[in-house]
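A.B. asks: Based on these hints, arrange chain H on the given structure of chain E.
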Amino acid sequence: MSDSTLDLRGVMCPINFVKTKLKLESMEPGEVLEVILDSGDPIQNVPKSIKEEGHKIVEVKKEGDFFRIKVQRN
Amino acid sequence: MTDHFIEDKTTKVNVSVDGAATQKVDFNDLKSGGFIKQRQKDLFTVRLRCPGGKLTTEKLLEISKIAHKYSKKGVVHFSFRQSLEILYVDYKEFGNIVAELEKIGQKVASCGPRVRVPTACGGCEYNPNGLTDTQKMADMVDKTFFGTPTPHKFKTSFSGCPIDCARTKEMDFGFQGVVDPKWEEEACTGCTICAEACKEDAIASDPDTGKPIFDPVKCIFCGDCIRACPTEAWKPKRYGHTVRIGGKHGRHPMEAVEVCNFLPDEKVADAIKMTIDWYNANGKRGERIGNALKRVGLESYLKHMEPVFKSSKA
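Chains as they are written, first to last, in the numbering used here: chain E, 2 to 75; chain H, 96 to 409.
These are calculated hints, taken from the structure and not from any lab test.
Being a predicted model, the structure only gives us computed values, none of them experimental.
Incorrect hints may have been included.
Stated by the list, open to error - Heads up, simulated DSS-like pairs for lysine-lysine below, C-alpha to C-alpha not over 25 Å straight-line: (1) Lys57(E) <-> Lys313(H); (2) Lys62(E) <-> Lys368(H); (3) Lys62(E) <-> Lys149(H); (4) Lys198(H) <-> Lys149(H); (5) Lys277(H) <-> Lys57(E); (6) Lys71(E) <-> Lys306(H); (7) Lys57(E) <-> Lys343(H); (8) Lys62(E) <-> Lys264(H); (9) Lys277(H) <-> Lys52(E); (10) Lys71(E) <-> Lys313(H); (11) Lys343(H) <-> Lys362(H); (12) Lys330(H) <-> Lys71(E); (13) Lys294(H) <-> Lys63(E); (14) Lys63(E) <-> Lys368(H); (15) Lys330(H) <-> Lys62(E); (16) Lys149(H) <-> Lys368(H); (17) Lys52(E) <-> Lys368(H); (18) Lys405(H) <-> Lys57(E); (19) Lys362(H) <-> Lys306(H); (20) Lys63(E) <-> Lys330(H); (21) Lys313(H) <-> Lys264(H); (22) Lys149(H) <-> Lys52(E); (23) Lys294(H) <-> Lys52(E); (24) Lys63(E) <-> Lys362(H); (25) Lys332(H) <-> Lys57(E); (26) Lys63(E) <-> Lys306(H); (27) Lys164(H) <-> Lys52(E).
The shape of chain E in the complex, shown without the other chains:
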């Protein structure tokens, strides 16, 4: 289960990461955000940036040409 969802399909790097970061910052520690990312650059870059911010990626699911990832706020 996630507390919130952010559909970032069609959103370019690094705006997709910035949106994810801002959303996470508005949430409470421990809450889970679901992020939908395109394959290619977004899935190559966004998860590692989220990790570098100290948040935890708890689930990754591939659905066709996009990814559904769950991030737990630190």
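C.D. replies: Here is chain H on its own, set in the frame of chain E:
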């Protein structure tokens, strides 16, 4: 490039330094000292020594004041090797400008047949892709080897990752950061992110489990898999430098050849020292190390370097 300046063949002129007694200034010495003649009569470019292209803002402020005072046109230029150059400086002021720069701890660079100021990217200190501390290495090389005489110019550079912004493939001797990835099955959840993150197709995902199938031949050791992995199943096994030799740009560019992989930080100084020894023993005057290697043979060099390079074999 300012290396190809119009050389002044009148060698010695009288210059008054600090208003004191006149002294002889040798134009050929000036070149080695980082003073480069301009087209304009009596005016020179003063090239500063900025290893890795990094300066403190405090020093930059002081340099600005000095540049403003001595540049007849009030301009500076960033050299192709990351150093700041003060343009349009009258040679009669050399003594004064050097003394003022000295006071703020800023040295003048060099040109000619010697070890040049190393260049470097940001490296692991603040660049997310960085695998090695390129700035620290550039500083070490500058302090240890700057100005060492060689048969021709000897340029070094440090890139922190395989993107190679510092163009180690075009250097006489270049060092590029690498990381050897190691996968631990227990921590892996089969999420497939690593296969997506790998830009080299070195990781495929098992169709059933999602777990990585790694092709070490395709891996260029960038560490994208390590950074992307949500569960730390990909870990760094070791960091080091891919070492390249014999590259150059200029009129007849040459691509450097890879001579060592995963050379650890602590062996870099040895590698440079031994390479300079080989170059000084084998290179002809005016011959870049890449051409010396072509003429003498790479084998001779590799044999000479074996004590340093063998340590980094896996």
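A.B. asks: Checking each numbered hint in turn, tell me which of them this model violates, lowest number first.
C.D. replies: 1, 2, 3, 7, 8, 10, 14, 17, 18, 19, 22, 24, 27
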